[in-house]
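A.B. asks: Listed below are the residues making up each chain.
Protein chains: 2
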Amino acid sequence: MVNIAVLGYGTVGSGVVEVINTNHASINKKAGTEINIKYVLDLRDFPGDPVQKVLVHDFDTIINDPEVDVVVEVMGGIEPAYTFTKRALEAGKSVCTSNKALVAEHGTELVQMAQDREINYLFEASCGGGIPIIRPLNSSLTADEIDEITGILNGTTNYILSKMATDGSDFAEVLKDAQDKGYAERNPEADVEGYDACRKIAILSSLAYGRHVNYEDIYTEGITKIDATDIKYAKHLDNSIKLLATSKKVGDGFYAMVSPVMINQNSPLYSVNNVFNAIFVHGNVLGDAMFYGSGAGKLPTASAVVADVVDCAKHLHRNIFMNWSSKTLNLMSVDSVENRFFVRIKGSLTRDMEQVEQVLGHVETVSLPDAPEEFAVITDKMTEADFKAKAEKLGTVISRIRAWV
Amino acid sequence: MVNIAVLGYGTVGSGVVEVINTNHASINKKAGTEINIKYVLDLRDFPGDPVQKVLVHDFDTIINDPEVDVVVEVMGGIEPAYTFTKRALEAGKSVCTSNKALVAEHGTELVQMAQDREINYLFEASCGGGIPIIRPLNSSLTADEIDEITGILNGTTNYILSKMATDGSDFAEVLKDAQDKGYAERNPEADVEGYDACRKIAILSSLAYGRHVNYEDIYTEGITKIDATDIKYAKHLDNSIKLLATSKKVGDGFYAMVSPVMINQNSPLYSVNNVFNAIFVHGNVLGDAMFYGSGAGKLPTASAVVADVVDCAKHLHRNIFMNWSSKTLNLMSVDSVENRFFVRIKGSLTRDMEQVEQVLGHVETVSLPDAPEEFAVITDKMTEADFKAKAEKLGTVISRIRAWV
Chain A
693 MVNIAVLGYG
703 TVGSGVVEVI
713 NTNHASINKK
723 AGTEINIKYV
733 LDLRDFPGDP
743 VQKVLVHDFD
753 TIINDPEVDV
763 VVEVMGGIEP
773 AYTFTKRALE
783 AGKSVCTSNK
793 ALVAEHGTEL
803 VQMAQDREIN
813 YLFEASCGGG
823 IPIIRPLNSS
833 LTADEIDEIT
843 GILNGTTNYI
853 LSKMATDGSD
863 FAEVLKDAQD
873 KGYAERNPEA
883 DVEGYDACRK
893 IAILSSLAYG
903 RHVNYEDIYT
913 EGITKIDATD
923 IKYAKHLDNS
933 IKLLATSKKV
943 GDGFYAMVSP
953 VMINQNSPLY
963 SVNNVFNAIF
973 VHGNVLGDAM
983 FYGSGAGKLP
993 TASAVVADVV
1003 DCAKHLHRNI
1013 FMNWSSKTLN
1023 LMSVDSVENR
1033 FFVRIKGSLT
1043 RDMEQVEQVL
1053 GHVETVSLPD
1063 APEEFAVITD
1073 KMTEADFKAK
1083 AEKLGTVISR
1093 IRAWV
Chain B
693 MVNIAVLGYG
703 TVGSGVVEVI
713 NTNHASINKK
723 AGTEINIKYV
733 LDLRDFPGDP
743 VQKVLVHDFD
753 TIINDPEVDV
763 VVEVMGGIEP
773 AYTFTKRALE
783 AGKSVCTSNK
793 ALVAEHGTEL
803 VQMAQDREIN
813 YLFEASCGGG
823 IPIIRPLNSS
833 LTADEIDEIT
843 GILNGTTNYI
853 LSKMATDGSD
863 FAEVLKDAQD
873 KGYAERNPEA
883 DVEGYDACRK
893 IAILSSLAYG
903 RHVNYEDIYT
913 EGITKIDATD
923 IKYAKHLDNS
933 IKLLATSKKV
943 GDGFYAMVSP
953 VMINQNSPLY
963 SVNNVFNAIF
973 VHGNVLGDAM
983 FYGSGAGKLP
993 TASAVVADVV
1003 DCAKHLHRNI
1013 FMNWSSKTLN
1023 LMSVDSVENR
1033 FFVRIKGSLT
1043 RDMEQVEQVL
1053 GHVETVSLPD
1063 APEEFAVITD
1073 KMTEADFKAK
1083 AEKLGTVISR
1093 IRAWV
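In order, the protein sequences belong to chains A and B.
Start counting the first sequence at 693; every next residue gets the next number (our numbering).
Start counting the second sequence at 693; every next residue gets the next number (our numbering).
Among the hints, a few may not be true.
Identical copies carry no separate label here, and so any pair may be met within one copy or between two of them.
To be verified - Mimicking EDC-like on lysine to aspartate or glutamate, the simulated pairs with C-alpha atoms at most 16 angstroms apart in a straight line are:
{"#": "1", "residue 1": "K1006", "residue 2": "E726"}
{"#": "2", "residue 1": "K1038", "residue 2": "E1084"}
{"#": "3", "residue 1": "K924", "residue 2": "D1062"}
{"#": "4", "residue 1": "K1006", "residue 2": "E810"}
{"#": "5", "residue 1": "K730", "residue 2": "D1078"}
{"#": "6", "residue 1": "K721", "residue 2": "E837"}
{"#": "7", "residue 1": "K941", "residue 2": "E1030"}
{"#": "8", "residue 1": "K730", "residue 2": "E759"}
{"#": "9", "residue 1": "K1080", "residue 2": "D869"}
{"#": "10", "residue 1": "K990", "residue 2": "D980"}
Bear in mind the hints are in silico, worked out from the structure with no lab data behind them.
All chains, please: the whole structure from these sequences, using the hints.
C.D. replies: The structure is reproduced here in C-alpha cells:
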C-alpha cells in the first residue's frame, strides 16, 4: 500500500480524490499496489462530504507521519505550496503537483532536491492539463534532440479566440461571456496577458532542452489587443489566430516567445479550438508530433496528477530521469528572432502600396470591404528589430500580428 | 555500457543505426549509460558502409554473446523474427521491435515471456511509427479507464485518400502515383485492404483494455471501393473520408472495426492528412486526447525503436508494466454495432425519397449536379445488421460508408 496526502481540496484536489475513487481497481493494478488517500489537507471543513474522515488542518500531521509516501500538492500559488513541497521532499516523500507557477519559479531546485534523495517531483498536470506531455518528453522522445515546442497552452484564451472567430464578437464581449461561463477568472490577467502560457512554455522548454529556462526571460504578449477586424482578416485569409507559446532552436541558440500568431490550415494547431490545448513538438529524427487534449478542467487535470501518483508508487525511492539541469539556458534576444508579420495599415491599398513596399519590402496584400480606411499586408521574414524600425518609419501601422503562413 | 544487436539492416535497421550515431551524446545521457551497437545481423554485405565492422550473418553469434543486453528486431514478418525473438528473450535479452505483424500475432506470448524473466519486450514503433502512443498508454494514461481508441494508423491509405480529395482522382490512379513515389508497396494489399491498420488497432486495444484482442476477430474493410464520387459527396458535406481503425466500449462489451468513415470538422482526426497518422483516445476521466505524427518513414520509426532501447537500458532486468494479459477480450459481433451510414442510391431525390424514408427512416439528403443518376442520404444511427437488411430491401443502394458526422 502506498499512502498519499492531498494538499488542498479545491477543484483539482477534489478531482484527484474522485478519480482515485472512481478507477480504484484499475489504478491499483497499474500501480502494482493499493493507493490509499490517508489525508486531505484543507483549512476548511466539508461537513457531509466523505473526505471529512481523512481531513486534517495541520500540515505537520502529514509531514510527521512516516507512512505517507507521496504528497499531492494541488493548492496552487507559491506559498505555502513551496514550503510544504520542500518539507515533504526533505522528509523523503515524493511530490506530485499541478502547480505551474511553483514549477516555473522553483522547478530547478525542487527537481534537484528529489534527484538528490532518490525520490520524485512530478508535474504532468502543470502543462496542458490532462494531455500527456511531460512524461512523453522525459521518457518517449529520448532518441531525439528536440528543436521546437509550440503549444496552445491556455484554454481560456483559446476559448476566447475561437469564440471571437465563430461569433465575430470583440474581445471584451467574449471575455465577459467566458467569465460568466466560468472559463475565465474574474481577474483574467494571468490568462489573457499570456503569463500562464509563458510559465508553461518555460517548464516544457526546460525539460526538452535540458537546461533551466527562466520564464521571466520569455517575451510575452497577450491577446487583449486582438479585435474583431483582425479575426475578419484572418478568416478572409483562411487563417486562424492562436495564442502560441513557442521555443525554438536557431543555429546554436534558442529563443522563446508567447504571442498571438496567424496560422494557416497546414498547421496541425489550426483546428485546435475552444478550451482544447495542443503541443506541437519537433525532433531532429522524429520530425513533427503533436499532443492534443483537454488543457484544463477538474477531471482531466486530476487524471494527469493521479498518473503521476501511480508513477511515484511504481518508483518509490527510485528517481525517474528528468532532463532538467540547474544550468540556465540563455535565450536569444527577441530582437533577432525572424518572423513574418501581418500588418494593418491606415490608408488605401491603391494609394499607399508603393510607399509600404518601399519600407517593408515584398508583401502580400489583403483588404476587407467593411474596413475601408485601412488595408493589411503580410511581410516576408524579417527580424523583430527590423520590423519594429520599419513600422516606425512607415508611421501608419495600426497593429501587427506574427504570421506563420 | 549497454550492448545492442540490430537484426536486419533494411530501412528501419539502418535508421536505428543512424539515429544512435546522430544523437549519441543525448541518447547516452538519457539512458544513463552508453548505448553500443555491437552487432548488426543481415544476410547481405554492405561494402564501404561502416556497418560492415559490426556486421554478422549468423544469429548464433548474437545469442551466444552474454554481453548483448538488448536485441532490436527490425526484420519484419513472422519468421525468422518470431524464433529469434523467443531465443533472445529465453537468453535473458530484452527485445525492441517495430514488427506489428509479429506483435499482433504473438504479442501476448512474448510480453508474458519478458514479464516472467524480468526483462522487456517493447514495440513503440509497431503502431503509429514515430508517434509516442504505446508508452503513453502504458505509463501516462494510468489514472483512466480507456473506453475508445480511434486511429488513422496507416500512412499509405491516408496519403491515397488525401490525394484523392485534393486532386479529385480515382483510387487506382492515386494508388499508382503512391507506388511510384514509394508511399505504397508494389503489392499494396496489406495497406489498402486495411490489414495493417487492423493489426495495429489489435495491439493498441490489447494494451488499453488489458486483455488480448485477436486481430482476426476484427471486422476489416479497406479503401479500394472508395471512388472520386464518394470524395465529391464528402467535400460537398464539408467532410473527409478516412480509414479509421477503432475499438470502443459499449455497455459491458467492446467492438473493434477497421473501415472508411466520413468524419466532419469537429473531429480532431479531420485534418490529419497525407502520410501523417493520429490516434484519438478517450478516457473515462481524461476525456479526449489525441497523438499525432509521422506514422511511418525511416527516421521517425527508428526514433521510436531507439526510445525503446533507451527504456530497456534504463530498466535492464526490471520489467516495465504493460497492461496486456493473456486473457482474450471477446469482441461483440459487428452486427450489433450502431453507426450512421452515408448511402448512395440509384434514382432521383425527388422521385424516390418517399420510398427511401419508408425503408431507412429519417435521413439527411445530398445530391451532386454531376451525378444526376443517383443521390445520397445519411441515415440516423442503426445497427450494422439493421442497415444491411434495409439496404437489401431497398435494392437500389450503390454503396455505403459509415458516417461519424
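A.B. asks: Does each hint hold? Answer for all of them.
C.D. replies: Now for the hints, and whether the structure bears them out:
no.: 1; hint: K1006 to E726; verdict: within (11 angstroms within a copy, 25 angstroms between copies)
no.: 2; hint: K1038 to E1084; verdict: within (13 angstroms within a copy, 65 angstroms between copies)
no.: 3; hint: K924 to D1062; verdict: within (10 angstroms within a copy, 33 angstroms between copies)
no.: 4; hint: K1006 to E810; verdict: both (13 angstroms within a copy, 15 angstroms between copies)
no.: 5; hint: K730 to D1078; verdict: neither (59 angstroms within a copy, 52 angstroms between copies)
no.: 6; hint: K721 to E837; verdict: between (34 angstroms within a copy, 12 angstroms between copies)
no.: 7; hint: K941 to E1030; verdict: within (12 angstroms within a copy, 48 angstroms between copies)
no.: 8; hint: K730 to E759; verdict: within (9 angstroms within a copy, 46 angstroms between copies)
no.: 9; hint: K1080 to D869; verdict: neither (34 angstroms within a copy, 47 angstroms between copies)
no.: 10; hint: K990 to D980; verdict: between (30 angstroms within a copy, 14 angstroms between copies)
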